[in-house]
Amino acid sequence: MGYSIDLEGTRFSFPSLKTLLAKASPERSGDQLAGLAADGPVERLAAQLRLADLPLSELAQDVLEVDSDDVTALILEGWDRAAFAPVSHLTVGGFRDWLLAPETDADALAALAPGLTPEMAAAVSKIMRAQDLIAVARKVRVTTRFRSTIGLPGRISTRNQPNHPTDDSRGIAISALDGLLMGAGDAVIGVNPATDTLEDYIRICEVLEAIRTQLDIPTQHCCLGHVTTAISAIEARAPVDLVFQSVAGSSKANDGFGVTLSMLDEAHEAIHGLGRAPAGANLVYFETGQGAALSADAHHGMDQQTMEARAYAVARRYDPLLVNTVVGFIGPEYLADGKQIIRAGLEDHFCGKLLGLPMGVDICYTNHSFADQEDMDLLLTALAAAGVSFVITVPGADDIMLNYQSLSFHDAQFIRETLGHPPAPEFEAWMEARGIGTPDAALPSLEAALGALRLPAA
Amino acid sequence: MKPPGRNGAPGDIAAITEARLTFGPRSRALDTGAALRFSLDHARAREAVMAGLDTERITGLLAEAGLDHRSVTSAAATRDTYVRRPDLGRTLPEEEAARLAGSRPVDVAIVLGDGLSGIAANLSAPAFVTALAARLSASGLSHGPVVIAAQARVALGDPLAMALGARTVVVALGERPGLSAADSLGVYITQAPRIGTPDSARNCLSNIREGGMDVETAADRAMALIRTMRQIGQSGVALSQHIAGAGLPER
Chain A
-14 MGYSIDLEGT
-4 RFSFPSLKTL
6 LAKASPERSG
16 DQLAGLAADG
26 PVERLAAQLR
36 LADLPLSELA
46 QDVLEVDSDD
56 VTALILEGWD
66 RAAFAPVSHL
76 TVGGFRDWLL
86 APETDADALA
96 ALAPGLTPEM
106 AAAVSKIMRA
116 QDLIAVARKV
126 RVTTRFRSTI
136 GLPGRISTRN
146 QPNHPTDDSR
156 GIAISALDGL
166 LMGAGDAVIG
176 VNPATDTLED
186 YIRICEVLEA
196 IRTQLDIPTQ
206 HCCLGHVTTA
216 ISAIEARAPV
226 DLVFQSVAGS
236 SKANDGFGVT
246 LSMLDEAHEA
256 IHGLGRAPAG
266 ANLVYFETGQ
276 GAALSADAHH
286 GMDQQTMEAR
296 AYAVARRYDP
306 LLVNTVVGFI
316 GPEYLADGKQ
326 IIRAGLEDHF
336 CGKLLGLPMG
346 VDICYTNHSF
356 ADQEDMDLLL
366 TALAAAGVSF
376 VITVPGADDI
386 MLNYQSLSFH
396 DAQFIRETLG
406 HPPAPEFEAW
416 MEARGIGTPD
426 AALPSLEAAL
436 GALRLPAA
Chain B
376 MKPPGRNGAP
386 GDIAAITEAR
396 LTFGPRSRAL
406 DTGAALRFSL
416 DHARAREAVM
426 AGLDTERITG
436 LLAEAGLDHR
446 SVTSAAATRD
456 TYVRRPDLGR
466 TLPEEEAARL
476 AGSRPVDVAI
486 VLGDGLSGIA
496 ANLSAPAFVT
506 ALAARLSASG
516 LSHGPVVIAA
526 QARVALGDPL
536 AMALGARTVV
546 VALGERPGLS
556 AADSLGVYIT
566 QAPRIGTPDS
576 ARNCLSNIRE
586 GGMDVETAAD
596 RAMALIRTMR
606 QIGQSGVALS
616 QHIAGAGLPE
626 R
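In the order they appear, the protein sequences are chains A and B.
According to the numbering used here, the stretch in the first sequence is residues -14 to 443, in order.
According to the numbering used here, the stretch in the second sequence is residues 376 to 626, in order.
Incorrect hints may have been included.
Said to hold, decoys possible - Not close to chain B: a few residues of chain A, all C-beta gaps over 12 Å, as computed: (1) E28; (2) T128; (3) P178; (4) L200; (5) K237.
Stated by the list, open to error - The calculated lysine to any residue pairs, modelled on SDA-like cross-linking and capped at a C-alpha distance of 20 Å, are: (6) A:K324 / B:G571; (7) A:K324 / B:R421; (8) A:K124 / A:P87; (9) A:K124 / A:W83; (10) A:K237 / B:H417; (11) A:K324 / B:T456; (12) A:K324 / A:D24; (13) A:K237 / B:R421.
Treat the hints as calculated values from the structure; they're not laboratory data.
Please read all numbers here as calculations on a predicted model, not as lab measurements.
Using N, Cα and C, we set each Cβ at its ideal position, and we do this for glycine too.
Here chain A stands alone, though its shape is the one from the complex (with noise of 0.2 Å):
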């Protein structure tokens, strides 16, 4: 079924819905590299036009056209029709007026996450501004919580990502006491390994756990390994506080990553059976990104965004702790600059919430990107006024393991201070208590931090 839309004697036509989806996208490289993007300004308005008069209605249904796609199966099985029903009548830009009508506040959208489908979130987000995408997820409450609470109305959490390029225990560990001395890691304290080994995973859990018992600090660890591996680790009763992986929006994608979803229902129970927890805590962490499925080449002629949005409903599913997009990590040609990784930033971050994820950015980029630092000053003070729920911090900017620039420790103190979000209350006392946060909270010694630590040998 064929869609159009006659603009001052022109006839623009679109096949299919995800052409329309496609060519309604904001201007990104990533679609232009699949060969999906409009061809100009004025065919992407035109496809705008269209699907702001689309019945969103329309939206529930295979819009990615695969047959027995996992991702497209939970989606319409998931879907939950008397949560729609409030938005059952409107057009897609219908329900962008709703959307930012002051009477849809935090409860409404509470209960309307369950009766969205993710391309009527992304087929929304593709006719909002900025200020809108900023303006609605501001209004989303999504709370999670495990040993600190996130995402309290005013706060932001950070999670503390000491990487080393070898996974060295003592590297590992200064470079997450010199976050926690700037504060940050009320989210997570999670590694990305350089290995994927059952024994390195579990040794730099212990070491994680050793700094979080022996600082008493509350919050909670990750080792952000293949889920396999959790599981592997899990059975060894080894110290997990949660379960990763990256997923993606179509089934092919996520065999890309290794992963399907009968494994994440493993996990899942295996981390809730673990005991470590108290009853009701989210236990799950994901992480996505735009430009996943088309560098996998397992698309399915869908762009990007609408993609993205797709594995937020694998995330959902799991009722996870944390959920960030790793927006500027794939590299320019998926989002070119950062006008492009600004945009998709508040995309994802605006999708995920409104599908009810405790949403994150991982605000980044890398060095063959047309961006800056400056670029990531701007998103995140963005996305902060959009209620984000944690962000990234690394020491210096610099992931000396992943070769990306992310946001330093220093830049979570400048939101922070500049627009007054504090970090989870338990985490925020657990500072007051030590006088972290503070000039005089200075690194120790190596010795003095390392010694006083007993860390696991290597």
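Could you slot chain B onto chain A? The hints should help.
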């Protein structure tokens, strides 16, 4: 007492990590020195990404070494297009392929490309290809002219090798710059290259630069890989598994 590190860390910490830790008072912002050091490292990385090949210098060095060369450009005409369109950087325009074709097939094609760091290519690639060419000749393998490839991704080597009739291709090109090093050369070696060769079918040497792997060592390792992949007819994961199975050291 160990010397302090690039990150300003005391020697004992610098020996463990290059992370940009904060020492001294913890103020709201990075101090001016640290902030500008970061900006300088980023500026170096950006300069390396946008730098082109210094063809005059490269051809001069190759001529000194007695090496013939040909120059090609991928389907990405400009640096800006190259960065945004990796597919074009992997594509050899037909007229470029036609210019290369027609001479006697060679055993090993040598490609010197800019990749994501023209600076790395300019600094280390001529010395590497010279060292490799000498080893190939000593082993009785023909290599033909060095192909100097502008706006080149690794996979551009596949159609180049096909045009030259080579069963093995060595692509030396600049790696994506990090903040700590913007001049790393990478070397990718592929046996039986074809259009659509997956990255898992290539073997790679990385971090070739002053302060990293030196070019002579890299040429030795490349030569060892070439010998083995030509024996077994496969490169990449299959070659690594073959080496592991034979109980040989990985390098």
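Going through the hints against the structure:
no.	hint	in the structure
1	E28	holds (20 Å)
2	T128	holds (28 Å)
3	P178	holds (15 Å)
4	L200	holds (17 Å)
5	K237	holds (15 Å)
6	A:K324 / B:G571	violated (32 Å)
7	A:K324 / B:R421	holds (17 Å)
8	A:K124 / A:P87	holds (10 Å)
9	A:K124 / A:W83	holds (13 Å)
10	A:K237 / B:H417	violated (36 Å)
11	A:K324 / B:T456	holds (17 Å)
12	A:K324 / A:D24	holds (19 Å)
13	A:K237 / B:R421	violated (34 Å)
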